[in-house]
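Here are the chains, one letter per residue:
2 protein chains.
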Amino acid sequence: MNRPDRTIEAVGTAELMRQMGQAARAASREIALATLAQKNEALLAASKAIRSSSSAILAANSKDVEAARIRGTTGAFIDRLTLNDSRIAAIGRSLEEIAALKDPVGSVLAKWQRPNGLVIERVRVPLGVIGIIYESRPNVTADAGALCLKSGNAAILRGGSESQHSSRAIHACLVEGLKAAGLPETAIQLVPTTDREAVGHMLKGLDGAIDVIVPRGGKSLVARVQEEARVPVFAHLEGICHTYVDKDADLEMAREIVLNAKLRRTGICGATETLLVDRAAPEHYLPVLVKALLDAGCAVRGDEATQQADSRATPATEEDWATEYLDAIISVKLVDGVGGAIDHIARYGSQHTDAIVTNNATAAEEFLRRVDSAIVLHNASTQFADGGEFGFGAEIGIATGKMHARGPVGVEQLTSFKYVVHGAGQVRPV
Amino acid sequence: MNRPDRTIEAVGTAELMRQMGQAARAASREIALATLAQKNEALLAASKAIRSSSSAILAANSKDVEAARIRGTTGAFIDRLTLNDSRIAAIGRSLEEIAALKDPVGSVLAKWQRPNGLVIERVRVPLGVIGIIYESRPNVTADAGALCLKSGNAAILRGGSESQHSSRAIHACLVEGLKAAGLPETAIQLVPTTDREAVGHMLKGLDGAIDVIVPRGGKSLVARVQEEARVPVFAHLEGICHTYVDKDADLEMAREIVLNAKLRRTGICGATETLLVDRAAPEHYLPVLVKALLDAGCAVRGDEATQQADSRATPATEEDWATEYLDAIISVKLVDGVGGAIDHIARYGSQHTDAIVTNNATAAEEFLRRVDSAIVLHNASTQFADGGEFGFGAEIGIATGKMHARGPVGVEQLTSFKYVVHGAGQVRPV
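Sequence order for the protein chains is A and B. Under the working numbering, think of the first position of the first sequence as 996, with each following residue one higher. Under the working numbering, think of the first position of the second sequence as 996, with each following residue one higher.
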């Protein structure tokens, strides 16, 4: 298999992307049939290459970091961008962990026999070609490429311009792994240009070559992808997650869950953004919860009752209920029982992850049934919204659509299925 | 729940459709929680209403038929459009059959415990609101509405203008069923206008109110829907299905399968359009198969070998390999073994349904693994591509995408899932 002609100057972005699409489609047919041993050999060889290339990767990364500094970028961004020995080791380890996962391809999901003797199997198959469009974090190059490979898919990776040198150095290691295992090196391609036109072509599907787009990045990236994509997208636009504390909650459990759900990490999509408290709960519940949050350094924006509960709380506006802070800020509101919580979540939520804390089984059941989110939890922190915590191994993201992949997207969610029908000459009666 | 203001003259198409979307979204929350008994009560009451309203339905239908005649429409179309007592009885029976299906909602698809004690369940839930856009056949109104209801979804039905009176009469029976069961009558709405603008609004999703669009009709309708829809679509554009006869096929079995696959019904999407014969097969295979087709009244368009096999065969052009005839016409070609068949199907197929006839297990296995279609069959007719034949009960269509619903779309495929997590106060470690 020939690599596409990467001389962008020679062919232009449109033609380059078309060639990458064709190469990915061809590679997808081979990678779909690769054995587990081959795929794991590629992953382990790539991991080895990452470790042995650490000085080259660090050199490439320092170019990206230097460029970011010159542009005057802020501290948190620089921190996400910067690699060091331990982060490179973590990238290598992540590839090994993906190698250790079960093969998601080929398993028989269901099998039944029809009265006419036909045996029908529903068999897991790869999706085909996955386009990943991501920003800043260089490790996504390795994780996304590896998850696609493990699930038998070809990948077209389009990293952000900010991490382009790092991504190229990491991508070279993935290609080394593919070569070592005798797999087509075009099974994981990195778009060699950072011009935005390339993203536009990917969103249109490269003449049918791309089956799914996965965006990894901020809200504006995801919004653009969801708006423009002509192929299915696995993504969530935002995670406006709620924790509802019922009148029948254990207060100490509620306090621990709320603090963890909001503050363990404020920047992840499973972080709680709104605390809803049952109006019928004992009077001290709201002040205790609000005080715990404020004492832990969290800003509280609340309704009247919340402001009365603690003078440090400030008023919440209508906009607050619809805001994903991704920061140490929480909105707090009294609601009329589990029904009130469900209504609030239906109105302001993002169908991502929502939790109820209660010892009342009926209230829990009602909440779990009626809240229309990808993940609903009873007596646990919303920060468990994570493929690793679900036992899926690494995840490529979390999806909130109703299609196919909903919730954490791991290797199994990067597959589709086909029906395989075994006959003995059956024809269909008229 | 109030029905939207259906006075289109008063509010205009855009506002009417917006109101229908809001009403459907509200109804979807109730219908999602309806018990199996309630849903079945509604279906059986609707079936009863269909039978007892047969004269009203026939009167409405005769208006549609009369209008079609005045437009000078052709025989086959009139036949599809025309209802009579036995067709009305069949519509009623179909509702009863859907009532007899298992409840697809609420079943636990998977359940596992994490080391921290969290119990995670994957539970089947309805998709939400399904928009169905269809042409001519009046029975789709009943079937589509009933399948959505059984799967706990609200439906917005937009039938073709040709069958508008029939559809309204049938829809009235469905609403009667919903009322009898105490379910919101807006759970199944029929768009009261036949202007094309309404379709455009549906394809944009009615401000997020529609979760999935299902088009039922000809290729131009499906193409428009796939091109314009901003929400997921369950559909297939065409069914260019292949039957490949391997050198190790039993000729008599092959002959029966090919005749059935092509000619049992030529107008359905699972009909074979191209016969591929192994170049290494015994010399008499091709002539026997071609003669059988020609003798049965099928036109044969073939390559050189096919034309030599029978003088009645005419030459196939490049376009023939990519054509879904939906008629008594077949294209025929010699290929180089199972690999040649796989390559031809990858190039010209539509990822719908393809079959191999062979007694060679290795060849069958290779074909079944490498052909990337929703349904692949071994020693059976492609006309088995059907939800009823798969044991799904009625189907709303067949999908060829890689997402979610692939192959026949029955009640189970009209659902999604959510993760329900049961904890005992777990918080996520830092």
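Honestly, the hints are just simulated from the structure, not real lab data. Remember, it's a predicted structure, so these values are computed and weren't measured experimentally. Worth double-checking, as some hints may not be accurate.
Copies of one chain are not kept apart here, so a pair can be met inside one copy or by any two copies together.
Using 30 Å as the maximum straight-line C-alpha spacing, the simulated DSSO-like pairs for lysine-lysine come out as follows [to be verified]: (1) Lys1214 with Lys1199; (2) Lys1097 with Lys1214; (3) Lys1106 with Lys1242; (4) Lys1242 with Lys1043; (5) Lys1043 with Lys1058; (6) Lys1058 with Lys1242; (7) Lys1242 with Lys1174; (8) Lys1106 with Lys1214; (9) Lys1097 with Lys1058; (10) Lys1199 with Lys1286; (11) Lys1043 with Lys1097; (12) Lys1106 with Lys1058; (13) Lys1286 with Lys1043; (14) Lys1058 with Lys1286; (15) Lys1199 with Lys1106; (16) Lys1097 with Lys1199; (17) Lys1214 with Lys1043; (18) Lys1286 with Lys1106.
Here's how the hints hold up against the structure:
In the homo-oligomer, the alpha carbons of Lys1214 and Lys1199 lie at most 30 Å apart both inside one protomer (20 Å) and across protomers (21 Å), since each shortest distance falls under that limit. Taking the shortest alpha-carbon separations for Lys1097 and Lys1214, neither the intra-copy value of 32 Å nor the inter-copy value of 41 Å comes in at or below 30 Å. Taking identical chains as interchangeable, the C-alpha atoms of Lys1106 and Lys1242 lie at most 30 Å apart only when they sit on different chains, with a minimum of 29 Å there against 46 Å within one chain. Proximity of Lys1242 and Lys1043 under a CA criterion of 30 Å is satisfied in neither setting, with 54 Å inside one chain copy and 46 Å between copies.
For a Cα distance limit of 30 Å, the shortest separation of Lys1043 from Lys1058 inside one copy, 23 Å, qualifies, whereas the shortest one across copies, 74 Å, does not. Neither within a single protomer nor between protomers do Lys1058 and Lys1242 lie at most 30 Å apart by alpha-carbon distance, with minima of 55 Å and 60 Å respectively. When the C-alpha separation of Lys1242 and Lys1174 is checked against a cutoff of 30 Å, the pair qualifies neither within a copy, at 60 Å, nor between copies, at 36 Å. In the homo-oligomer, the alpha carbons of Lys1106 and Lys1214 never lie at most 30 Å apart, since the shortest distance is 41 Å inside one protomer and 32 Å across protomers.
Neither within a single protomer nor between protomers do Lys1097 and Lys1058 lie at most 30 Å apart by alpha-carbon distance, with minima of 37 Å and 61 Å respectively. When the C-alpha separation of Lys1199 and Lys1286 is checked against a cutoff of 30 Å, the pair qualifies neither within a copy, at 50 Å, nor between copies, at 45 Å. Taking the shortest Cα distances, Lys1043 and Lys1097 sit within 30 Å of each other inside one copy (21 Å), while across copies they are farther apart (51 Å). For the homomeric pair Lys1106 and Lys1058, neither the shortest alpha-carbon distance inside one copy (54 Å) nor that between copies (47 Å) is at most 30 Å.
Proximity of Lys1286 to Lys1043 under the C-alpha cut-off of 30 Å is found in neither arrangement, the shortest distances being 49 Å within a copy and 61 Å between copies. Taking the closest pair of Cα atoms, Lys1058 and Lys1286 never come within 30 Å of each other, the shortest separation being 45 Å inside a single copy and 71 Å across copies. For the homomeric pair Lys1199 and Lys1106, neither the shortest alpha-carbon distance inside one copy (36 Å) nor that between copies (37 Å) is at most 30 Å. In this assembly of identical chains, Lys1097 and Lys1199 lie within 30 Å of each other by CA distance neither inside one copy nor across copies; the values are 32 Å within and 39 Å between.
Taking CA atoms no more than 30 Å apart as the test, Lys1214 paired with Lys1043 passes in neither setting, with 34 Å inside one copy and 51 Å between copies. In this homomeric assembly, Lys1286 and Lys1106 never come within 30 Å of each other (Cα to Cα): the closest approach is 55 Å inside a single copy and 37 Å across copies.
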